[in-house]
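Participant: In our numbering, the protein residues as written are 1 to 278.
It should be emphasised that the hints constitute simulated quantities derived from the structure, not laboratory data. Since this is a predicted model, take the numbers as computed values, not measurements. Don't take every hint at face value.
In the SDA-like style, the derived pairs of lysine to any residue whose C-alpha atoms are separated by at most 20 Å in a straight line are [said to hold, decoys possible]: (1) K230 - P98; (2) K148 - M1; (3) K230 - M1; (4) K230 - G52; (5) K19 - G37; (6) K230 - E187; (7) K148 - S124; (8) K230 - P107; (9) K230 - N145; (10) K19 - A69; (11) K148 - T262; (12) K148 - A272; (13) K19 - L7.
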Amino acid sequence: MLGQDLLAALDGRPVTALKRADLDVTDAPAVAEAVAGHDVVLNAAAWTDVDGAETAYPAALAVNGTGVAVLASACRDAGARLVHVSTDYVFDGAGTSPYPEDAPTAPLNAYGRSKLAGEQAVLSTLPTTGYVVRTAWLYGAAGRNFVKTMLRLAATRDFLDVVDDQAGQPTWSRDLAQRLVELADAEAPAGVYHGTASGQTTWHGLAQAVFALAGLDPARVRRTTSAAYKTPAARPSYSVLGHDRWAAAGMAPMRDWHTMLTAALHDPAFAAVLEGAG
Numbered sequence: 001m002l003g004q005d006l007l008a009a010l011d012g013r014p015v016t017a018l019k020r021a022d023l024d025v026t027d028a029p030a031v032a033e034a035v036a037g038h039d040v041v042l043n044a045a046a047w048t049d050v051d052g053a054e055t056a057y058p059a060a061l062a063v064n065g066t067g068v069a070v071l072a073s074a075c076r077d078a079g080a081r082l083v084h085v086s087t088d089y090v091f092d093g094a095g096t097s098p099y100p101e102d103a104p105t106a107p108l109n110a111y112g113r114s115k116l117a118g119e120q121a122v123l124s125t126l127p128t129t130g131y132v133v134r135t136a137w138l139y140g141a142a143g144r145n146f147v148k149t150m151l152r153l154a155a156t157r158d159f160l161d162v163v164d165d166q167a168g169q170p171t172w173s174r175d176l177a178q179r180l181v182e183l184a185d186a187e188a189p190a191g192v193y194h195g196t197a198s199g200q201t202t203w204h205g206l207a208q209a210v211f212a213l214a215g216l217d218p219a220r221v222r223r224t225t226s227a228a229y230k231t232p233a234a235r236p237s238y239s240v241l242g243h244d245r246w247a248a249a250g251m252a253p254m255r256d257w258h259t260m261l262t263a264a265l266h267d268p269a270f271a272a273v274l275e276g277a278g
């Protein structure tokens with residue numbers, strides 16, 4: 001999802017795009033060879049199976065922690081800057097106001113711990129040329145994500161029960177991709193940035209907005225709580241991130257989540273998904 005949008009955002013530039021089958025990020029010699037000769041590396045590779053990480057932590061850590069450390073070392077040796085994508089799951093979700101970029105981290109689950117290890121590798125190995133961009137609630141026209149799931153289920157169910165006790169910032173992968181490229185181009189201080197939409201909502205609020213924008217009745221989306229959906233991995237109840245640090249890069253925060261969602265669902269890339277929901 002994000003990788004495809006990054007390629008679109010980089011259209012017209014000389015780019016080396018490597019898929020999972022092309023490069024094992026834990027293979028240090030292969031990574032060093034791949035990074036050599038490049039000025040900037042954008043890392044969207046990740047283990048994203050949150051629940052699966054609970055029982056396969058070594059595998060998740062290999063990609064999200066060890067692999068990122070290998071990549072950071074290769075970038076250091078090659079003199080390349082690294083823009084690495086991380087997650088809101090490095091926080092415990094106990095907050096009540098947006099987490100600033102320097103807020104203490106305290107992951108609730110194995111996935112969050114693996115991603116935090118990657119962050120620490122970037123920041124320690126590349127103190128002046130490493131960028132960690134935390135994102136959350138990502139959706140896009142490609143891949144599996146909540147927005148597409150809501151549109152798919154709308155075609156087969158009269159009502160959907162969606163949790164209303166988790167808050168976050170739905171973020172279009174295309175907007176994030178553009179922001180990552182802008183950061184790579186900017187003369188910005190290294191460190192942590194939060195790549196999420198402005199504002200906030202709940203999963204229920206997002207689902208209702210998706211229905212409304214698709215021309216469907218948002219009343220078909222009913223409120224429920226997280227207790228109704230037991231998952232192996234605990235989820236943070238509050239995933240709202242602050243955006244103050246963008247000023248250091250000479251950029252404004254990303255646009256409001258509802259404005260972003262409206263643009264996404266009016267984009268031709270979502271046309272087939274919307275047609276199926278009607």
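Participant: What hint numbers does the structure not satisfy?
Facilitator: Numbers 1, 3, 6 and 7, in rising order.
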